[in-house]
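Listed in order, the protein sequences are those of chains A and B.
Each residue of the first sequence is one higher than the one before, starting from -8 at the first, in the numbering used here.
Each residue of the second sequence is one higher than the one before, starting from -10 at the first, in the numbering used here.
These aren't lab readings, by the way, just hints derived from the structure by calculation.
Worth double-checking, as some hints may not be accurate.
Estimated spans, in silico, between C-beta atoms of each pair [what the hints assert, rightly or not]:
1. A:E102 to B:L134: 52 to 60 Å
2. B:A116 to A:D106: 48 to 56 Å
3. A:G113 to B:Q267: 34 to 42 Å
4. B:Q267 to A:S48: 51 to 59 Å
5. B:N183 to A:S48: 58 to 66 Å
6. B:T168 to A:T7: 23 to 31 Å
Quick reminder that beta carbons are idealized off the backbone N, C-alpha and C, glycines included.
Okay, here's what each chain looks like letter by letter:
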Amino acid sequence: MADLSIRDLVKRYDKTQVLHGISLDVQDGEFVVFVGPSGCGKSTTLRMIAGLEEITSGEVSIAGRVVNNLEPKERDIAMVFQNYAIYPHMTVRKNIGFGLRTAKMPRADKERRIDEVAVILGMTDLLDRKPSQLSGGQRQRVAIGRAMVRDPAVFLFDEPLSNLDAQLRTQMRLEIKKLHQRVGNTIIFVTHDQVEAMTMADRIVIMKDGHIQQVGTPSDVYHQPANTFVARFIGAPSMNMLPGVVGNGGKIRLDSGAEVTLDTGATPGQAVVVGVRPEDLYPNDGPALVRGPVLVREPLGAETLIYVGREGEEVIAKADGRTPPEVGEEVTLTAALGNLHIFDAETGEALR
Amino acid sequence: MAVTEEIRPNADALLHAAPPRRPANMGQILRWTLLFLGGIAMVMPIAYMISTSLKWPHEVYNLQLIPDEPHLENYTYVLEDGRFYGWFINSIVIAVVTTVSNVLFDSLVGYTLCKFRFPGRYIVFIAILSTLMIPTEMLVIPWYLMSQQLGWLDTYWGIMFPGLMTAFGTFLMKQFFETVPDDFIEAARIDGLNELQIWWTVAMPLVKPALAALAIFVFLGNWTAFIWPLIVTNSVEMYTLPVGLSSFGDEADVAWELIMTGAAISTIPTLVVFLIFQRYIIQGVVMAGLKG
């Protein structure tokens, strides 16, 4: 186990800069998830930590040791790939034991380690099978086993669940989390799925265009998003964004005509965006934040998503699953002031 | 009821009737005819080779396929002729060494060109490919001069050296290594293997079908090579099978029955090589370790 530190990490391919000097400290035993849309630089960061990509500038340290110029094998890391990368010509036992090939330890100890890992992953009966005889989930478990067997300082996971179907993904998510609780190693996990990030991480690193947007616990990034990107990226469905202008006395007049009074520290006349999550909107006969007809209903069972307002400017709200309003029905929605997020319309930065 | 009774006999008749004949399609007839002619064209030389090997000398120019008096005297003669074994051994040594060499070095160069990024990589690849455009007839003179200067005339080394690595093999292997996902290579790199170990332990088993195809091509190519072995060898002991077989007979006559007998015997190793490696060709192993 070890802590990990990234300082001013830059990656440039010819003239294209894909990482713009990111810095991060990961504590020993922490489960950190890098999340962001495609091309945000999360996988590149992971590959630079692994030593699979050269570092243009900056520094990566593992357990207090700068590893910039070390080969991947010298960094005391193990990596699980999106495509599993388990060798089709080897049995499960050989695949898991592959990580110990170069380890200087007696054969009996290696076999014991492989058996231990197989027990943890519930693969004891599959050790003599070839990958072609395994399901997707089992293959991914073999890949995790190959990483585990080496007991590395840091585990690196590069979108390991994205090839699995939804049900298996949920199951593997739980298994990886349990595994972390059991072995306690530092884990860096890359995903583009915000649900994976929220459910697994001790801390989430949200990236966009080679910059870190916010680092925080799942609760932090959900309840106190640093900017509109984070606010919309975390949470499903995305946060509704209602444009408006700050008036006198903290009053914000929304483009829709509604008014809210909040202490934002914004100057009168400043353009802002009021963010409100679909789950925070509820029907109310009093002052309206949003008023309009229900355009579309999406029943999800326990709840129903309703799209309310004018075409093109609709907001999403969560309604009761048993008695949702009908399509075309006029509804009035509001939210508790404490659940509103105010962002600067120009920079997108959070004002409160 | 009446309706059911009326329908039942018709249904039975339909069940037991032969499938309706479709009128023959002209395209299909043409395809089958071409395939049949192609098959005949491939089988006839082999049939005549075996047929001639069973004929007496006076029957050789008689084109009938079944000999009037088939016999095995030609096989006895060839197998008892001490020279044949020498040529056979020469051909085996040369074909095996060049096959092993090509499988190793073509794949090593192909792998390097495919999986490593270094300046000039593309130029090297094009330079290797461009050698494919030079015909063997143009190369034999420089090869001969090189052999002469290096003292390799009439030696195994002299016969083998031009074919120890081939541009075609390098190209073939490079293209196959393109199908090996980089994740495999990177996973092995993280697991602590050096680059040579990764090539041998991870990449090579994943391109077994290509290696088998290359082995078959190279073995057959060297087993049947004629022009260069003819030029570079002087002594009868150093002949390869094709060169040796062509020397059967004398100045006045060519002993076709003996040549055909030798050719029939010499096809056995090529069949063995094909049977050993063909199962790898039809195996698609690469994708099994990836997402399902």
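Hints versus structure:
1. For E102 (chain A) paired with L134 (chain B), a C-beta distance near 59 Å keeps the hint of 52 to 60 Å intact.
2. At about 51 Å, the CB distance of A116 (chain B) to D106 (chain A) agrees with the hint of 48 to 56 Å.
3. Distance hint check: the CB atoms of G113 (chain A) and Q267 (chain B) are about 39 Å apart, consistent with the given range 34 to 42 Å.
4. At roughly 53 Å, the beta carbons of Q267 (chain B) and S48 (chain A) sit within the given window of 51 to 59 Å.
5. The hint said 58 to 66 Å for the Cβ distance between N183 (chain B) and S48 (chain A), and at roughly 28 Å that hint is violated.
6. Separated by about 27 Å at the C-beta atoms, T168 (chain B) and T7 (chain A) satisfy the suggested range of 23 to 31 Å.
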